[in-house]
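Take a look at the letters that make up each chain.
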Amino acid sequence: MKEFKLNTNPKIESGFKTPEDLYFEKFSANLLEQLPKNEPKTISLFQKKKTIIMMVAAVFVLALAIPSLLNNANRYNELDTTTLENYISYQSNVNQYDLINALDEEDINSLGTNIALEDQTIEDILVTNNNLEQYIIE
Amino acid sequence: MLDEKEFIQQLLNPKTQNDAFQKLLHTYQKPLYNHIRNIVLSHDDTDDVLQNTFIKVFQNLKNFKGESKLFSWMYRIATNEALTFLNQKAKKSGISSETLQNKAIDNLKADVYFDGNEIQIALQKAIVTLPEKQQLVFKMKYFEELKYEEISEILGTSVGALKASYHHAVKKIESLLTTN
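So the protein sequences, as listed, match chains A and B. Under the working numbering, the first sequence has 200 at position 14, and the numbering climbs by one with no breaks. Under the working numbering, the second sequence has 224 at position 148, and the numbering climbs by one with no breaks.
Note that these hints are calculated values from the structure, not bench results. Keep in mind the model is a prediction, meaning the values are calculated, not measured. Glycine included, C-beta positions come from ideal geometry on N, C-alpha and C. Among these hints, one or two may not hold up.
As the list claims (entries may be wrong) - Okay, the calculated bits of chain A under chain B, using three or more residues with CB under 8 Å as the criterion: (1) 194–200; (2) 204–218.
What the hints assert, rightly or not - Here are the simulated lysine-lysine pairs, PhoX-like style, with alpha carbons at most 20 Å apart: (3) B:K132 - B:K99; (4) B:K217 - B:K239; (5) B:K248 - A:K188; (6) B:K217 - A:K203; (7) B:K106 - A:K203; (8) B:K145 - B:K81; (9) B:K223 - A:K197; (10) B:K201 - A:K203; (11) B:K145 - B:K99; (12) B:K223 - B:K239; (13) B:K217 - A:K191; (14) B:K217 - A:K197; (15) B:K145 - B:K132; (16) B:K247 - B:K209; (17) B:K247 - A:K197; (18) A:K212 - B:K99; (19) B:K247 - A:K188; (20) B:K145 - B:K106; (21) A:K191 - B:K248; (22) A:K212 - B:K106; (23) B:K185 - A:K203; (24) A:K203 - B:K179; (25) A:K212 - B:K132; (26) B:K201 - A:K191; (27) B:K165 - B:K201; (28) B:K106 - B:K132; (29) A:K191 - B:K239; (30) B:K217 - B:K145.
Can you make the complete structure from the sequences, with help from the hints?
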């Protein structure tokens, strides 16, 4: 059997052929197209105008929104009847004398409206409402 | 080529980067093609891996510290890309890397960029039987004729270990080819 030796002359080549120059030219061109570009950042004229337009629009929106916001704020200043009743009922600092002092002539006249009630109706109200006795005493 | 440090500065400078990279491409595309081709065997696969290699080189230029030579840094990237490509392809096909390489060798006869005969095919088949590291060392030393010091810088292995690997590889190949 003949012994095989690698260190022969000429030595055994790999057999792979290096492609022709045209292949490498095409390869380079393709590769350079694929590489990420390092271009400086540019802000277009439109981009600048866009910022100004956005600023003007923001001012208009604010100008329109402010009156509406102020109206909302005023609405919250008007108290509804329930809130007022609750305040008077649970606020210990306000007593009946304070209330009397707060009433003027017109208020007293309006309270004096005649209500047509029959005796039987008054009796029924007095029977069904225990608290009324306490109010009459006071 | 220019002084390497100066050339690296040109590669890192955005103003000179494109021209410098074209020079780099022109200088290294052929040797890297041959290096990758010896590992992946098929021309089409080499084309893909070579492209990935240069893209990776471009993307990582800013991380190149200049601790090793540009040449060995690029060869290291090419080697890693080629090995990763082979392993991924074998995994996708559900076969071993050796089987994949044997298939690639069988297809070489139809490859326009291969003009070997039966001896070259037999030699490639014998190389495939070697462990991965021995294959690399053998191909880089025997086919590419790189110096041990250069291979050492590329693979990060001592010259002594490389000499031992090459010696074992040669003995095993000669023994296989003598038997066949």
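Tested hints:
Counting residues of the segment 194–200 of chain A whose CB lies closer than 8 Å to any CB of chain B gives 4, so the stated coverage by that chain holds, three being the minimum. Here's how the segment 204–218 of chain A fares: 8 of its residues keep a CB closer than 8 Å to some CB of chain B, so the rule of at least three is met and the hint holds. Between K132 (chain B) and K99 (chain B), the direct Cα distance comes to roughly 16 Å. Compliance with the 20 Å bound is thereby established for this hinted pair. Distance restraint check for K217 (chain B) and K239 (chain B): the Cα-Cα separation of roughly 10 Å lies within the 20 Å cut-off, and the hinted pair is therefore satisfied.
Proposed proximity of K248 (chain B) and K188 (chain A) is supported: the alpha carbons are some 16 Å apart, at most 20 Å. For the proposed pair K217 (chain B) and K203 (chain A), the alpha carbon gap of about 18 Å is at most 20 Å, so the pair holds. In summary, the hint linking K106 (chain B) to K203 (chain A) is supported, as the alpha carbons are separated by about 11 Å, within the 20 Å threshold. A hinted pair counts as satisfied when its Cα atoms are at most 20 Å apart, and K145 (chain B) with K81 (chain B) qualifies at roughly 10 Å.
With a C-alpha separation of about 17 Å, the suggested pairing of K223 (chain B) with K197 (chain A) holds against the 20 Å cut-off. Between the alpha carbons of K201 (chain B) and K203 (chain A) the distance comes to roughly 18 Å, so the proposed pair stays at or under 20 Å and holds. Straight-line distance between C-alpha atoms of K145 (chain B) and K99 (chain B) comes to about 16 Å, which keeps the hinted pair within the 20 Å bound. Only pairs whose Cα atoms come within 20 Å are accepted, and K223 (chain B) paired with K239 (chain B) is accepted, the gap being roughly 11 Å.
The straight-line distance between the Cα atoms of K217 (chain B) and K191 (chain A) is roughly 16 Å, inside the 20 Å bound, and the hint therefore holds. Proposed proximity of K217 (chain B) and K197 (chain A) is supported: the alpha carbons are some 13 Å apart, at most 20 Å. With a C-alpha separation of about 16 Å, the suggested pair K145 (chain B) and K132 (chain B) falls inside the 20 Å cut-off, and the hint holds. Pair hint K247 (chain B) plus K209 (chain B) holds up; C-alpha atoms about 15 Å apart against a cutoff of 20 Å.
Among the hinted pairs, K247 (chain B) with K197 (chain A) is consistent with the structure: their alpha-carbon atoms are about 16 Å apart, no more than 20 Å. Between K212 (chain A) and K99 (chain B) the CA atoms are separated by roughly 15 Å; this keeps the pair inside 20 Å, and the hint holds. Simply put, K247 (chain B) and K188 (chain A) have alpha-carbon atoms about 15 Å apart, close enough for the 20 Å limit, and the pair holds. Distance hint between K145 (chain B) and K106 (chain B) is fulfilled; the C-alpha atoms sit about 18 Å from each other, no more than 20 Å.
About 11 Å separates the Cα atoms of K191 (chain A) and K248 (chain B), which keeps this hinted pair within 20 Å; it holds. A hinted pair counts as satisfied when its Cα atoms are at most 20 Å apart, and K212 (chain A) with K106 (chain B) qualifies at roughly 13 Å. Proposed proximity of K185 (chain B) and K203 (chain A) is supported: the alpha carbons are some 12 Å apart, at most 20 Å. Between K203 (chain A) and K179 (chain B) the CA atoms are separated by roughly 19 Å; this keeps the pair inside 20 Å, and the hint holds.
With a CA separation close to 19 Å, the supplied pair K212 (chain A) and K132 (chain B) stays within the 20 Å bound. Straight-line distance between C-alpha atoms of K201 (chain B) and K191 (chain A) comes to about 16 Å, which keeps the hinted pair within the 20 Å bound. A hinted pair counts as satisfied when its Cα atoms are at most 20 Å apart, and K165 (chain B) with K201 (chain B) qualifies at roughly 19 Å. Using a Cα cut-off of 20 Å, the hinted pair K106 (chain B) and K132 (chain B) holds, with the two alpha carbons roughly 17 Å apart.
For the suggested pair K191 (chain A) and K239 (chain B), the alpha carbons sit about 18 Å apart, so the restraint of at most 20 Å is met. Proposed proximity of K217 (chain B) and K145 (chain B) is supported: the alpha carbons are some 19 Å apart, at most 20 Å.
Violated hints: none; the structure is consistent with every hint.
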